[in-house]
Amino acid sequence: MWYYEKKLQYPVKVTECNPRLAKYLVEQYGGADGELSAALRYLNQRYTIPDKVIGLLTDIGTEEFAHLEMIATMIYKLTKDATPEQMKEAGLGAHFANHDHALFYNNAAGTPWTATYIAAKGDPIADLYEDIAAEEKARATYQWIINMSDDPCLNDSLKFLREREVVHSQRFREAVEILKFERDRKQYF
Amino acid sequence: MYTPVKCYQPYYSPFDPCPPRTPICYATPPNLYLGFQQPNLPQYSLKEALYKGTLWPSLYDPYPLEGGGYREQSTEG
Chain G
8 MWYYEKKLQY PVKVTECNPR LAKYLVEQYG GADGELSAAL RYLNQRYTIP
58 DKVIGLLTDI GTEEFAHLEM IATMIYKLTK DATPEQMKEA GLGAHFANHD
108 HALFYNNAAG TPWTATYIAA KGDPIADLYE DIAAEEKARA TYQWIINMSD
158 DPCLNDSLKF LREREVVHSQ RFREAVEILK FERDRKQYF
Chain S
708 MYTPVKCYQP YYSPFDPCPP RTPICYATPP NLYLGFQQPN LPQYSLKEAL
758 YKGTLWPSLY DPYPLEGGGY REQSTEG
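First to last, the sequence lines map onto chains G and S. So for the first sequence, our numbering puts the first residue at 8; every next one is plus one. So for the second sequence, our numbering puts the first residue at 708; every next one is plus one.
Next up, chain G with everything else stripped away, as it sits in the complex (with noise of 0.2 Å):
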């Protein structure tokens, strides 16, 4: 079970109403690196990972929602006061007709979320593997956002998120080496 604290793992501070930028950021909620996918994948594959790894992927994995906290917290704030028309301008129209200013899972060219962006091969190191690929996939969508953004106080927040891919995939990485470490093989140096 979980706990829920009524806070974002980090402050979210929106400078302007900038719908053209949500447009961008909801790859990172709905798509197929993004943090719904990744917390999905964590908490599925750890049922069938030795046991020594399981409690790293239930906390990167819980940790994953409240990263996707964070980026729905700012697809929100982007867009809830945006005018009908300033949507439209955004390429936002499509969403506009059939959600009005709700969010929903779909990557930044709409396409909807589907199970088919996680795996879980049931092997462990293909799926550390996988997970690793998806820490790094998510670290280069949150650098080519904030290249995009010319919002100081989203990209603040946006440069911690791409921090914690790096130590996600750091930890899934040294995960892969408690796996393949041999005891009782005589160490050389």
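Note that these hints are calculated values from the structure, not bench results. Built from N, CA and C at the ideal position, the CB exists for glycine as well. Any given hint could be a false lead.
Straight line, CA to CA, 30 Å or less: simulated DSBU-like cross-link-like pairs of lysine-lysine [said to hold, decoys possible]: (1) Lys13/G - Lys759/S; (2) Lys754/S - Lys95/G; (3) Lys20/G - Lys128/G; (4) Lys713/S - Lys87/G; (5) Lys84/G - Lys713/S; (6) Lys144/G - Lys20/G; (7) Lys14/G - Lys754/S; (8) Lys759/S - Lys84/G; (9) Lys754/S - Lys84/G; (10) Lys84/G - Lys13/G; (11) Lys754/S - Lys20/G; (12) Lys14/G - Lys713/S.
Which chain G residues stay away from chain S? Per the calculated CB distances, all over 10 Å, these [as the list claims (entries may be wrong)]: (13) Tyr31; (14) Ala127; (15) Ala140; (16) Val174.
Use these hints to put chain S onto chain G, whose structure you have.
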């Protein structure tokens, strides 16, 4: 020596329609080099760690890098 960014110079044809976007750079963050993290590495203060997103200076990768030649800095205007 570890560097957080690598750059290369792709071929630019005189017939290419857009002005060259060079050099092309990509991030190589510290997690690629750290291996299994050793115990007792230096730590940031709690406040700084919460701000930076990591407790460990050896895992901190600022972005965009100063003068790192990422795309946004390498294009003109």
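Here is what the structure says about each hint:
For the given pair, Lys13/G sits about 22 Å from Lys759/S by alpha-carbon distance, which is consistent with the 30 Å threshold. This hinted pair does not check out: Lys754/S and Lys95/G have alpha carbons roughly 41 Å apart, beyond 30 Å. A C-alpha spacing of about 39 Å is found between Lys20/G and Lys128/G, which places the hinted pair above 30 Å, so the restraint is violated. The hinted pair formed by Lys713/S and Lys87/G fails the criterion: a straight-line CA distance of about 40 Å is larger than 30 Å.
Taking the CA atoms of Lys84/G and Lys713/S, the gap is near 36 Å; set against the 30 Å cutoff, the hint is violated. The suggested pairing of Lys144/G with Lys20/G holds, with an alpha-carbon distance near 24 Å, which does not exceed 30 Å. In summary, the hint linking Lys14/G to Lys754/S is supported, as the alpha carbons are separated by about 17 Å, within the 30 Å threshold. Annotation: proposed proximity of Lys759/S to Lys84/G holds, straight-line Cα distance about 23 Å (limit 30 Å).
The suggested pairing of Lys754/S with Lys84/G holds, with an alpha-carbon distance near 26 Å, which does not exceed 30 Å. A distance of roughly 17 Å separates the Cα atoms of Lys84/G and Lys13/G; the hinted pair therefore holds under the 30 Å criterion. Of the pairs offered as hints, the one joining Lys754/S and Lys20/G holds, with about 18 Å between alpha carbons and a cut-off of 30 Å not exceeded. Between Lys14/G and Lys713/S the CA atoms are separated by roughly 38 Å; this puts the pair beyond 30 Å, and the hint is violated.
Residue placement check: Tyr31/G keeps its beta carbon more than 10 Å from all beta carbons of chain S (closest about 14 Å). Every Cβ of chain S is farther than 10 Å from the Cβ of Ala127/G; the closest lies at roughly 23 Å, confirming the non-interface assignment. For Ala140/G, the shortest C-beta to C-beta distance to chain S comes to about 13 Å, beyond the 10 Å cut-off, and the non-interface label holds. Residue-level check failed: Val174/G sits 5 Å from the nearest beta carbon of chain S, not beyond 10 Å.
Comparing the model with each earlier hint shows violations of hints 2, 3, 4, 5, 12, 16; every other hint is respected.
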